[in-house]
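Colleague: Here's the letter readout for the chains.
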Amino acid sequence: MTFEQLIFYVLAGIAVIASLMMISVNNPVKAALWLVLAFIATAGVWITAQAEFLGIVLILVYAGAVMVLFLFVVMMLDINLVKLKEGFTRYLPIGVLASVAIFAMMYMVLGPAHFGLDKTGEPIKFSADHSNTTMLGLQLYTVHAYAFILAAVLLLVGIVAAIALTIRRRPTHEVLYQDIDKQVKVQAKDRFKMVKMKATKEEPIKKKKEDE
Amino acid sequence: MNFVIPDFMPAVPEIVLLALASFILIADTVWSKRYVNATYYATQFTLLLVGVLILASFTTDTVVTFDQSFVRDAFADVLKIFIVIVSLGVFLFSREYLKQNDFYKGEFFTLGLFAILGMFVMVSSYNFITLFVGLEIMSLAMYAMIAMQRDSSKATEAAIKYFVLGALATGLLLYGLSMIYGATGSLTIPEVKAIVEAGKADSVVLAFGVVFIVIGLGFKLGAVPFHMWVPDVYHGSPTAVTLFIGAAPKIAAFAIVYRLLVDGLPGLVIDWQPLLIIMAVLSMVVGTVIAIAQTNFKRLLAYSGIAHIGFLLLGFIAATPEGYSAAMFYVLVYALTSVAAFGMIIALARTGFEFDEIKDFKGLNQRNPWLAAMMLIIMFSMAGIPPFIGFYAKLVVLQEVITAGFVWLAIVGVVTAVAGAFYYLRVVKVMYFDSAEVEGELKATTKEMAVAVSVFSLALLVLGLMPAWLMSVAYNSLLV
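In the order they appear, the protein sequences are chains X and V. Take any residue in the first sequence, count from 1 to its spot, add 597: that is its number in the numbering used here. Take any residue in the second sequence, count from 1 to its spot, add 285: that is its number in the numbering used here.
It is worth saying that the hints were derived from the structure and are not from the lab. Treat the numbers as computed from the prediction; the structure is a model and nothing was measured. Check the hints yourself; a few may be wrong.
Once the Cα atoms are required to be at most 30 Å apart in a straight line, the calculated DSBU-like pairs of lysine-lysine come out as [unchecked claim]: (1) V:Lys485 with X:Lys716; (2) X:Lys722 with V:Lys485; (3) X:Lys782 with V:Lys485.
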């Protein structure tokens with residue numbers, strides 16, 4: 598076994614164990630942390646495959662940003678685990694049967710018989726000064742420029758959808774809104790009203806009797 | 286690396302649609318306060334403009350651009366034009382309904398436009414990545430449109446169900462696509478086709494990928510056994526959104542089935558044909574049988590939609606260019622009919638009264654004979670009774686499936702079509718032979734809607750009297 602293979606098996610092993618722990622632990626916060634570990638191990642695998650940009654992005658974006666957000670959500674929600682686990686033992690046999698069957702089939706198709714080195718060929722090894730970032734950038738902004746723009750549209754739709762679903766304008770009698778149109782258009786006469794009144798003599802205020 | 290600026294001309298309709306949709310998105314924040322209808326009119330104008338642009342540059346050649354990610358051919362152009370026609374109708378019906386139900390928002394229209402952009406991308410995709418991203422743009426916009434009626438628990442439930450199952454389907458589809466990529470090493474549909482046909486790819490891995498792709502597509506089409514979401518989503522969504530998701534997305538879903546299975550993987554017809562046969566038979570039988578038991582009209586249309594998808598798949602099972610054309614003809618007819626049917630519900634709905642139970646239609650003939658007659662046309666067309674267009678749609682798919690040698694499938698189709706006629710005719714019976722529970726004339730909400738319902742319904746009759754035109758459109762766009 599070469600040193601490279603050793604690193605791969607260690608990282609892949611960590612990733613598999615972390616994923617298993619992630620779906621089996623009770624505490625959702627711990628599950629999220631296991632997922633972070635799985636991401637980091639996967640990022641390591643990518644880096645050994647000379648895809649260092651993807652590996653770093655995986656750590657920065659997924660482990661750094663997405664999972665932190667997700668942890669916030671998990672901590673805010675009051676999840677009733679007992680209720681979620683209801684019927685677990687009842688469905689367990691069917692679940693195990695289905696997953697074993699699917700795993701067996703996937704192993705037959707995805708195993709070395711179809712994806713072995715003799716089938717796919719050994720991956721190209723790049724020299725140390727090779728930049729994964731440049732290569733990705735070139736692909737992304739030339740060949741896949743159309744898909745890249747579409748991905749931007751997808752994000753835009755996501756933002757519009759999220760805002761449309763969460764913004765709640767309360768009626769104006771409950772909350773005062775700034776209406777910029779109105780503020781710009783306002784003129785002195787709307788705000789300041791001259792009222793002419795005849796001068797009248799005010800009755801002297803009678804002093805109240807202060808009875809003890 | 287030398288980079289050539291791609292040819293933007295074939296994609297002008299999409300570019301205009303994206304630009305105007307983004308413009309409306311921003312302009313709406315200003316308009317919405319003073320001119321309530323401005324967003325609506327701008328949306329309809331955008332659709333009209335896009336439709337005109339497509340017609341003006343209509344092409345029967347296959348033009349490929351953006352490094353083989355985008356294809357423009359007669360198939361794409363015809364489907365896009367129909368998506369535009371159907372969506373024009375959808376927005377027309379939606380406006381008044383949204384106002385009545387107090388969730389008239391500019392976002393409904395902009396998300397709708399983005400969903401249509403997603404459909405265009407799907408129809409024109411020549412690459413797995415763009416196909417997938419287009420599908421996601423469309424789906425994401427539709428999830429949000431369903432959930433927009435926040436005060437309705439039914440709509441929220443529908444949105445969650447649609448979202449969860451849609452995400453699952455997307456995952457399955459993506460997994461299948463990644464397998465095809467793994468086996469062929471290419472993401473471009475014509476390249477995949479060439480590699481598969483040359484026998485250079487591992488057939489086991491390809492078959493494995495096809496299974497996942499077909500399952501993912503089955504979810505998106507709403508074919509049995511992946512149909513569970515359809516009735517709940519149709520029923521729970523506000524009718525305007527049901528109208529939207531029940532019509533144009535079916536055309537787009539048909540397009541990706543065609544692009545993936547026929548354009549990309551015709552070499553694997555042996556693998557996907559049996560899967561489609563199972564789905565078609567189950568869809569026709571289950572859709573028809575369960576529809577009989579429905580009392581809610583929207584649920585009835587949902588189950589009938591499942592049965593229609595079964596018929597649509599018959600065209601693919603035939604696996605001939607004529608069969609695909611028949612399927613295309615079927616989906617166009619179905620989209621038009623479905624706009625008319627849901628439009629009818631919207632036209633009759635009032636604030637706080639959805640008019641979506643079958644019993645609401647009792648004695649419609651006494652209350653509004655004209656609309657009852659239109660409803661009669663819609664129901665007859667759905668049931669496949671001549672001379673309405675629905676008859677020819679069923680006729681051609683059955684013909685093609687018989688020509689391909691699947692006589693037993695045609696028999697199943699005919700039997701379910703006859704059984705299906707029962708629940709369509711029941712609506713007709715309720716309208717004409719039951720006495721109205723509520724007296725008094727029942728008018729469509731607005732004149733505009735009455736006209737639109739009449740136009741769509743009469744189109745079913747006129748197209749049925751002259752089926753050659755629409756049929757030749759479908760045939761020419763695939764055979765030329």
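Colleague: Each hint needs a verdict: does it hold in this structure or not?
Modeller: To see whether the hints hold, each was checked on the structure:
About 11 Å separates the Cα atoms of V:Lys485 and X:Lys716, which keeps this hinted pair within 30 Å; it holds. This hinted pair checks out: X:Lys722 and V:Lys485 have alpha carbons roughly 24 Å apart, not beyond 30 Å. Using a Cα cut-off of 30 Å, the hinted pair X:Lys782 and V:Lys485 is violated, with the two alpha carbons roughly 71 Å apart.
Hint 3 from the earlier list is the only one contradicted by this structure; the remaining hints agree with it.
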